[in-house]
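The listed protein sequences correspond, in order, to chains A and B.
Final position of the first sequence in full-length UniProt numbering is 507; the numbers increase by one with none missing.
Final position of the second sequence in full-length UniProt numbering is 378; the numbers increase by one with none missing.
There's no promise every hint is true.
Covered, in the sense of this in silico footprint (three residues per stretch, anywhere, with C-beta under 8 angstroms from a C-beta of chain A), are these stretches of chain B [as the list claims (entries may be wrong)]:
(1) 58 to 72
(2) 96 to 108
(3) 289 to 302
The hints are simulated quantities; they were obtained by calculation from the structure and are not laboratory data.
Note that the Cβ used here is the ideal one computed from N, Cα and C, for glycine as well.
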Amino acid sequence: MQLWMLKSARLMKVNKSQWAALLFIGLVQSALSVAAQANLTNTTGEQSSCYLKGLSEKVLCGMVTVPENPNKPNARNIDIHYAILPAIKNQHPSEAFVAIAGGPGQSAIDNAAGFNRTFSKIRETRDILLIDQRGTGRSNILNCEFDNIDALAFNDETVDNQKETQKCLSDLSKKADVTQYSSDIAVSDFEAVRKALGYQKFHLYGISYGSRMAQLYMRHYTQSLATVTLDGVVPMQQSVLAIGEAIDRSVELLFQDCRQSKACDQAFPELKRDYLTTSKRLHDQPYQGKVNDPSTGEPTHLLLTKSKFLGTIRMGLYSSNIRSLLPYAIHQANKGNYQSILGLYSITQSGLDLAMGMHASVVCGEDLPRLTPELKAKADASYFGRSLLQVIEQTCPVWNMPAVKASFSHAIDSAIPTLLLSGELDPATPPSWGHLAEEKLTHAKHFIAPYATHGVALQSCGNKLVAQLVNEGNVDKLDDKCLKKDLRRSFYLNASSVEPLPAKAKE
Amino acid sequence: MMKLLNTLLKKELVDAIRDKRSVMAVMYYAIGSPLLMCGIFFMLINKFSSPSDLNITIKKSQNAPDLVRYLESRGITHGTGEDLKAITLTISHDFAKDMNQGKPATVTLIADNSEQKLKSSINRVQRALQGYSSEMASLRLIARGINPAVVQPIKVVMEDQATKQSKGSFIFGVAILSIIYAVFICGMNHAIDTSAGERERNSLTLLLSHPLSTRQIVLSKVLAVTTLAMTGLLLTLLVSKAAYTIVPWQELGFTINVSFEFVVLGCLLALPIAIMASTLQLFVSFFAKSFKEAQTYISFTLFVPMMLSIATSYDLAPDTLQWLPVSGQQQALMDFIKGKAIDMAPLMASNLITLLLSIGLILGMEKALKSEKTIFGL
Numbered sequence: 001m002q003l004w005m006l007k008s009a010r011l012m013k014v015n016k017s018q019w020a021a022l023l024f025i026g027l028v029q030s031a032l033s034v035a036a037q038a039n040l041t042n043t044t045g046e047q048s049s050c051y052l053k054g055l056s057e058k059v060l061c062g063m064v065t066v067p068e069n070p071n072k073p074n075a076r077n078i079d080i081h082y083a084i085l086p087a088i089k090n091q092h093p094s095e096a097f098v099a100i101a102g103g104p105g106q107s108a109i110d111n112a113a114g115f116n117r118t119f120s121k122i123r124e125t126r127d128i129l130l131i132d133q134r135g136t137g138r139s140n141i142l143n144c145e146f147d148n149i150d151a152l153a154f155n156d157e158t159v160d161n162q163k164e165t166q167k168c169l170s171d172l173s174k175k176a177d178v179t180q181y182s183s184d185i186a187v188s189d190f191e192a193v194r195k196a197l198g199y200q201k202f203h204l205y206g207i208s209y210g211s212r213m214a215q216l217y218m219r220h221y222t223q224s225l226a227t228v229t230l231d232g233v234v235p236m237q238q239s240v241l242a243i244g245e246a247i248d249r250s251v252e253l254l255f256q257d258c259r260q261s262k263a264c265d266q267a268f269p270e271l272k273r274d275y276l277t278t279s280k281r282l283h284d285q286p287y288q289g290k291v292n293d294p295s296t297g298e299p300t301h302l303l304l305t306k307s308k309f310l311g312t313i314r315m316g317l318y319s320s321n322i323r324s325l326l327p328y329a330i331h332q333a334n335k336g337n338y339q340s341i342l343g344l345y346s347i348t349q350s351g352l353d354l355a356m357g358m359h360a361s362v363v364c365g366e367d368l369p370r371l372t373p374e375l376k377a378k379a380d381a382s383y384f385g386r387s388l389l390q391v392i393e394q395t396c397p398v399w400n401m402p403a404v405k406a407s408f409s410h411a412i413d414s415a416i417p418t419l420l421l422s423g424e425l426d427p428a429t430p431p432s433w434g435h436l437a438e439e440k441l442t443h444a445k446h447f448i449a450p451y452a453t454h455g456v457a458l459q460s461c462g463n464k465l466v467a468q469l470v471n472e473g474n475v476d477k478l479d480d481k482c483l484k485k486d487l488r489r490s491f492y493l494n495a496s497s498v499e500p501l502p503a504k505a506k507e
Numbered sequence: 001m002m003k004l005l006n007t008l009l010k011k012e013l014v015d016a017i018r019d020k021r022s023v024m025a026v027m028y029y030a031i032g033s034p035l036l037m038c039g040i041f042f043m044l045i046n047k048f049s050s051p052s053d054l055n056i057t058i059k060k061s062q063n064a065p066d067l068v069r070y071l072e073s074r075g076i077t078h079g080t081g082e083d084l085k086a087i088t089l090t091i092s093h094d095f096a097k098d099m100n101q102g103k104p105a106t107v108t109l110i111a112d113n114s115e116q117k118l119k120s121s122i123n124r125v126q127r128a129l130q131g132y133s134s135e136m137a138s139l140r141l142i143a144r145g146i147n148p149a150v151v152q153p154i155k156v157v158m159e160d161q162a163t164k165q166s167k168g169s170f171i172f173g174v175a176i177l178s179i180i181y182a183v184f185i186c187g188m189n190h191a192i193d194t195s196a197g198e199r200e201r202n203s204l205t206l207l208l209s210h211p212l213s214t215r216q217i218v219l220s221k222v223l224a225v226t227t228l229a230m231t232g233l234l235l236t237l238l239v240s241k242a243a244y245t246i247v248p249w250q251e252l253g254f255t256i257n258v259s260f261e262f263v264v265l266g267c268l269l270a271l272p273i274a275i276m277a278s279t280l281q282l283f284v285s286f287f288a289k290s291f292k293e294a295q296t297y298i299s300f301t302l303f304v305p306m307m308l309s310i311a312t313s314y315d316l317a318p319d320t321l322q323w324l325p326v327s328g329q330q331q332a333l334m335d336f337i338k339g340k341a342i343d344m345a346p347l348m349a350s351n352l353i354t355l356l357l358s359i360g361l362i363l364g365m366e367k368a369l370k371s372e373k374t375i376f377g378l
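Turn these sequences into a full structure, and let the hints guide you.
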């Protein structure tokens with residue numbers, strides 16, 4: 001039931017992308033176990049040098065111990081782990097650039113390589129600080145162990161969510177009180193890390209769910225912030241359960257883009273119809289057949305449900321390079337050839353590092369209680385919204401999170417220089433959400449990248465704009481010209497090429 | 001004895017300070033060389049870093065519009081005008097046809113790989129093409145129902161032991177060379193002035209007629225020249241410490257920081273070199289017939305330590321060089337920068353050789369000053 005994710009796959013790294021998968025509408029259906037266990041043995045609270053996934057260089061790791069429940073400082077303590085990617089030439093030792101991961105439930109430290117690459121310009125003169133939010137990564141991860149499920153053959157539409165949630169909760173209750181893993185408390189951990197490390201100001205970058213964390217930081221600790229970037233914005237006013245509409249919009253934009261491309265329109269003239277008929281067919285009768293396992297190559301059994309099919313399409317919309325394969329995959333699926341869907345489905349199964357317990361704590365405390373009847377009606381109108389809501393409504397009564405106060409939904413009222421970035425094609429946080437967040441920000445600019453999906457800084461010149469904001473300390477000179485450059489990728493016309501065959505010269 | 005030496009040293013130093021040329025030599029080098037090095041580093045940084053927007057020539061781009069847009073998203077564009085790099089990318093006529101058949105489609109990259117200035121740009125274009133190619137490979141596999149991870153049988157996880165300092169050690173080696181050189185340059189003028197110069201002015205005979213041993217005279221001269229050399233070194237280090245902070249090292253991905261510890265260690269290690277340099281320069285000058293001639297000879301002798309130092313910077317035969325004067329101390333300084341433990345045995349040996357050489361030269365001078373041939377420059 002991931003609602004929204006940290007980041008889309010980087011263009012060239014399909015095979016290593018951090019695709020969080022959708023497919024698991026349910027917390028419990030994941031065939032994965034999250035790999036990011038606390039593998040640091042540092043218990044002294046001091047910094048030590050460490051190596052992080054995907055980074056060859058030595059960086060600094062450390063932790064700050066905080067009470068799990070701020071109201072019970074003498075009860076259980078948890079360690080908030082952080083990593084510092086030291087500035088190349090530290091010209092601003094009193095400042096750090098903090099990147100906050102999404103999910104909810106992704107580890108910022110595990111995504112160090114991506115942040116390092118995207119924000120290399122910032123790192124030339126400032127430290128990059130990555131903090132594993134409580135309940136994720138190395139900071140007392142709330143992670144449910146699942147039995148290994150054969151992802152290809154199992155039926156994801158018939159899982160007993162409530163029972164699986166219950167099992168997860170009882171496992172976790174040995175090491176955590178899940179009600180203490182809300183965003184508000186997590187923000188105070190970040191502030192504790194700031195104080196412990198002696199930084200005077202943070203430059204925040206929050207992506208996706210991380211943008212909610214960044215906004216809460218603005219609300220609670222205004223004095224600690226120099227600049228803020230919200231990328232893939234989740235406005236405070238909005239329950240994320242409105243996401244169904246955003247996904248539908250993004251699917252519709254895919255059809256529209258294909259129609260506008262001459263080659264794509266020629267190759268797949270009835271794309272929307274292909275999509276609808278395939279969904280309908282799989283809804284009536286899931287596809288069953290023999291396939292070769294995408295990873296092992298062994299002959300195996302595939303059960304393709306409507307939920308798996310649409311979930312795969314949804315995940316494909318997160319990154320612009322995988323998106324380019326979707327029209328072909330949909331067209332072929334309609335013809336009964338599910339190879340491309342199978343390939344896409346298999347990559348959604350790998351690389352999902354999401355702490356589902358922490359995810360539930362956030363969504364059940366902060367989003368489900370804010371679901372108004374209108375919003376519920378809207379969500380029910382969309383397949384994606386409806387199915388997500390279904391799982392959440394089964395999960396949250398078990399989780400029993402206290403609801404946030406009404407004031408949680410107030411727009412952030414702040415004069416901190418803030419850059420908001422939205423991707424027009426975003427299947428999670430559409431540009432209209434960015435407009436909402438902007439409401440009471442007095443020194444803010446909101447840019448919409450016309451060809452970007454989720455996470456603008458990671459896939460366009462957005463990272464340069466963030467670097468400019470950090471260096472100049474205000475939004476006055478920021479300009480979205482570079483975001484408007486048409487760098488969109490062509491759609492695949494067959495399993496091999498994006499380029500149409502040149503028209504034969506007439507004799 | 002000490003008192004006498006003290007008086008002599010004072011006399012030598014007063015002489016040196018009165019001689020404008022000697023003081024200027026120190027100042028010129030101490031201030032000029034770090035600034036010059038900074039200038040060189042600025043140019044190096046410009047040369048080595050590929051511009052953020054790389055303009056190349058792309059021919060037949062209509063054959064592969066998607067590839068062209070991909071390159072553009074990597075900052076590589078078809079351009080004209082001044083910034084245009086001499087790199088041409090030609091997309092083959094059959095590009096789309098080969099692509100559609102799942103065959104490798106050809107693009108031709110035309111550039112001169114021996115051109116140092118282009119190297120980083122050529123690499124960048126190659127990396128971008130490789131990136132496009134592997135992205136496409138992954139998507140082709142996915143389209144065929146295969147997880148692209150299967151074509152990466154081995155995942156190499158690199159754990160680089162380099163530190164922020166050691167990454168810049170090659171560049172810093174050149175800087176250390178210029179710093180060590182200070183002890184040769186800064187004392188040189190006074191070494192000539194107090195030997196060949198003094199003889200030309202006929203004050204050497206006067207000095208020798210005093211009731212002093214030649215050893216005292218030689219020692220006082222060595223000490224004076226060494227003091228000047230060390231002053232120059234200290235100044236060079238301090239100016240470097242200030243000047244190197246303005247160089248935008250971060251653009252090369254590392255930083256060079258002349259720390260206080262480095263200044264102290266540099267002075268300590270350079271002391272034996274300074275003593276050797278001054279004895280050597282005095283020795284040579286005493287044998288020259290005139291001031292001019294001394295200058296010429298000294299230039300020749302400078303060549304040897306310079307070579308040792310350059311060889312160390314380029315890491316040629318480090319196992320041999322670490323035992324020798326100049327290169328031994330320089331090696332130790334570079335190890336310090338890299339954060340490695342300094343190997344004491346070769347350093348001590350190199351110091352010992354340096355000092356023995358100096359003592360030899362001092363004895364040689366002592367002997368020479370007893371002969372009329374040297375005193376009158378016959």
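Please list, smallest to largest, the hint numbers that this structure does not respect.
Going through the list in order, the structure violates hint 3 alone and respects the others.
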